[in-house]
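Using the sequences and the hints, build the whole thing.
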Amino acid sequence: MSIRKAFKKGEIVQEAGQKRVKSYKVNRGLLRSYFTDENGKQHNFIFAPEGWVLGDLDAIAFGKASNLTIEALEESEVMVVDFVDYENQDWQKGLERMMRRAGTLQRRILMMMSTSALERYEYFMDVYPDLSNRLTQRHIASYLGITPQALSKLRAQRVGKVYGS
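Position 91 of the sequence shown, counted from 1, bears residue number 91 in this note's numbering, the numbering being contiguous throughout.
These are computed hints drawn from the structure, not numbers from a lab.
With a straight-line Cα cutoff of 30 Å, these simulated BS3-like cross-link-like pairs (lysine-lysine) come out: (1) Lys9 with Lys64; (2) Lys8 with Lys64; (3) Lys9 with Lys19; (4) Lys93 with Lys19; (5) Lys41 with Lys8; (6) Lys8 with Lys19; (7) Lys64 with Lys19; (8) Lys5 with Lys93; (9) Lys64 with Lys5; (10) Lys41 with Lys9; (11) Lys41 with Lys153.
None of these values were measured; they are calculated from a predicted model.
Below is the structure:
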């Protein structure tokens, strides 16, 4: 069974450490998942705009507590599904989309290991073309594994590349 739920901007949708992991299909708004390292620094993992399904795949696959926190970056409306309900055929399509997102994450991990910051930024702009105006520079930089200052330099470098400077 799924339920429709609204979240305010900045509201935590799911806490890291939660054992009963759920899935969230974004009808309206924008969610992010992130993990917090031992020094308290947040690292953005994935952004989920309208139409995306978000959940902690590792926790689901291995039946363990979630490593990820999910937060609403904008006022959001989501469909919440408990994983015991995934037998429901209505959610099979959502599960398939989530598995495609897992493939996206695998590509992202490989990219983080083998590409420059500029290449990662260009990939971000290709995958999330509409989100650069909806996310803070801090969130984008965290996603790319760089500082906000380095992101400013990349943006300037990319603008120069586009305009031939």
